[in-house]
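*Asks:* Protein chains in written order, with this note's numbering: chain A, 2 to 241; chain B, 17 to 176.
Hints may be right or wrong, so weigh each one.
What the hints assert, rightly or not - Straight-line Cα separation of at most 35 Å, DSBU-like style, residue types lysine-lysine; simulated pairs:
| # | chain 1 | residue 1 | chain 2 | residue 2 |
| --- | --- | --- | --- | --- |
| 1 | A | K226 | A | K213 |
| 2 | A | K45 | B | K42 |
| 3 | B | K147 | B | K48 |
| 4 | A | K226 | B | K38 |
| 5 | A | K197 | A | K240 |
| 6 | A | K45 | A | K7 |
| 7 | B | K42 | A | K240 |
| 8 | A | K240 | A | K7 |
| 9 | B | K146 | A | K223 |
| 10 | A | K81 | B | K40 |
| 11 | A | K72 | B | K44 |
| 12 | B | K146 | A | K76 |
| 13 | A | K167 | B | K146 |
| 14 | B | K42 | B | K147 |
| 15 | B | K146 | A | K72 |
| 16 | A | K81 | A | K234 |
| 17 | B | K146 | A | K197 |
| 18 | B | K48 | A | K208 |
| 19 | A | K76 | A | K167 |
| 20 | A | K208 | B | K44 |
| 21 | A | K223 | A | K240 |
| 22 | B | K55 | B | K42 |
| 23 | B | K152 | A | K208 |
| 24 | A | K213 | B | K55 |
| 25 | A | K81 | A | K142 |
| 26 | A | K240 | A | K77 |
| 27 | B | K147 | A | K109 |
| 28 | A | K110 | A | K223 |
| 29 | A | K67 | A | K240 |
| 30 | B | K146 | A | K208 |
| 31 | A | K45 | B | K44 |
| 32 | A | K234 | B | K146 |
| 33 | A | K234 | A | K4 |
| 34 | A | K209 | B | K44 |
| 35 | A | K167 | A | K109 |
| 36 | A | K110 | B | K146 |
| 37 | A | K213 | B | K48 |
| 38 | A | K197 | A | K109 |
Note that these hints are calculated values from the structure, not bench results. It should be emphasised that the depicted structure is a prediction, and the values quoted were computed from it without experimental measurement.
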Amino acid sequence: MTKVTKILKENLFTAIIIIAYAVIFILKPETSITAVGNSGYYLKEMLMIMPVIFVLTALLDVWVPKETIMKYLGKKSKSKGVVLSFLLGGISAGPIYAAFPFCIMLHKKGASIKNIVIILSSWAVIKIPMLLNEVKFLGIKFMAIRWILTVIAIVIFSWITSKIVKDEDLPSESTSEPEGVIINRNSCMGCSLCVKNYPELFEISSKKAEVKKYDFILDDEKLNKAIDNCPVKAIHFNKR
Amino acid sequence: MDIFTMAIWIGTIIFLVFSLTKNKEKTKTALKMAFGMGKNMLISILSIILLIGLVLALLPPEQIAGFVEKQNVLVATIASALFGTITLIPAFIAFPLVGTLVDAGVGIVPSVAFLTTLTMVGVVTFPLEKKEFGIKFTVVRNGLSFIFAIAIALVMGVII
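Isolated chain A, as found in the complex (with noise of 0.2 Å):
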């Protein structure tokens, strides 16, 4: 019963449409098929596209070298440090309540506001695979110019945020993070790549990673490429 439960309430979304069409096919039958057959449309749009997008999108993610990148997003980094933003943010894959951590921890690592403002807005409207997408459906003009357009506004609006908010505005560090292996749930995505590279340590549970309990001796090595091949770095070690 719990189970059943569970599983309902992380797919209420779903199981409220299942009965919106349930109520709709009763009320009105040609409303519904007419609902079917644009769904069916979307659909087949989306699965020409999204796996191609989806692959794409971690092919970027695992040739592009982040670590290098970050490098530059400090306070002195100019002009460099917000190409390189775009870039950050343009090739990252993850929804964008992904990014919020990733640039936190970034910021910590010494990155500027202003730079963070670029990674987080970039990260959300001009991801490269998204601008062919964009394409596809509105044509080449419009990305285009929505795209310039979007790059001007928010060069402007990273600089305006960095000059009203302050280093001091965020948050402080949280108090003594707790020993061992850590997830960010707010920042996974639920890819399960850790699962794959340490499934003894790792579990999908509610479609995010969890550390299992554990009480064996941690294999480095797989800690490691777990750690490092997380596309959202949520994985965290603090040693005992």
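For chain A, the structure is supplied; the task is to place chain B on it using the hints.
*Replies:* Just chain B, lined up with the frame of chain A:
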């Protein structure tokens, strides 16, 4: 499949083969990552698609276009920008959706405003962002993004 989609597929396959010859391990990681992300999002994407199908059956795109047309451009733009901030649709569904609406006659300006706020401003993600960055940063970033989304949309209306 149209030429454009085909080009993305071919480009990605070339990239994939190149990646395989350069570094097998990295390629495997990337493929696992792609598969994991896709699997995790599949159900929610399906639900959103079904919802959009339903909304468009009840409110045909032509009707939406007719309604938007009657409004003042600025009002329509601000309204669709607001609508974009409260909805959470993955971008690759948003593009075909906006494509449908534009084809049906919805103006470019409100459409762009919707597309930009959809991804850049988030009411749903606001609490998460606030927790990580503090209230000041979050309000300033989202507020500025909203204002600039409307500016981008208006400028695009002039250019296109």
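*Asks:* Next, verify each hint and record whether it holds.
*Replies:* We went through each hint and held it up to the structure:
no., hint, result
1, A:K226 x A:K213, "holds (17 Å)"
2, A:K45 x B:K42, "holds (30 Å)"
3, B:K147 x B:K48, "holds (30 Å)"
4, A:K226 x B:K38, "holds (19 Å)"
5, A:K197 x A:K240, "holds (23 Å)"
6, A:K45 x A:K7, "holds (30 Å)"
7, B:K42 x A:K240, "holds (27 Å)"
8, A:K240 x A:K7, "holds (34 Å)"
9, B:K146 x A:K223, "holds (34 Å)"
10, A:K81 x B:K40, "holds (32 Å)"
11, A:K72 x B:K44, "holds (27 Å)"
12, B:K146 x A:K76, "holds (23 Å)"
13, A:K167 x B:K146, "holds (15 Å)"
14, B:K42 x B:K147, "holds (33 Å)"
15, B:K146 x A:K72, "holds (26 Å)"
16, A:K81 x A:K234, "holds (24 Å)"
17, B:K146 x A:K197, "holds (32 Å)"
18, B:K48 x A:K208, "holds (16 Å)"
19, A:K76 x A:K167, "holds (12 Å)"
20, A:K208 x B:K44, "holds (22 Å)"
21, A:K223 x A:K240, "holds (16 Å)"
22, B:K55 x B:K42, "holds (20 Å)"
23, B:K152 x A:K208, "holds (31 Å)"
24, A:K213 x B:K55, "holds (22 Å)"
25, A:K81 x A:K142, "holds (27 Å)"
26, A:K240 x A:K77, "holds (33 Å)"
27, B:K147 x A:K109, "holds (15 Å)"
28, A:K110 x A:K223, "holds (25 Å)"
29, A:K67 x A:K240, "holds (25 Å)"
30, B:K146 x A:K208, "holds (23 Å)"
31, A:K45 x B:K44, "holds (27 Å)"
32, A:K234 x B:K146, "holds (20 Å)"
33, A:K234 x A:K4, "holds (30 Å)"
34, A:K209 x B:K44, "holds (21 Å)"
35, A:K167 x A:K109, "holds (14 Å)"
36, A:K110 x B:K146, "holds (20 Å)"
37, A:K213 x B:K48, "holds (21 Å)"
38, A:K197 x A:K109, "holds (29 Å)"
In this structure, none of the earlier numbered hints is contradicted; all agree with it.
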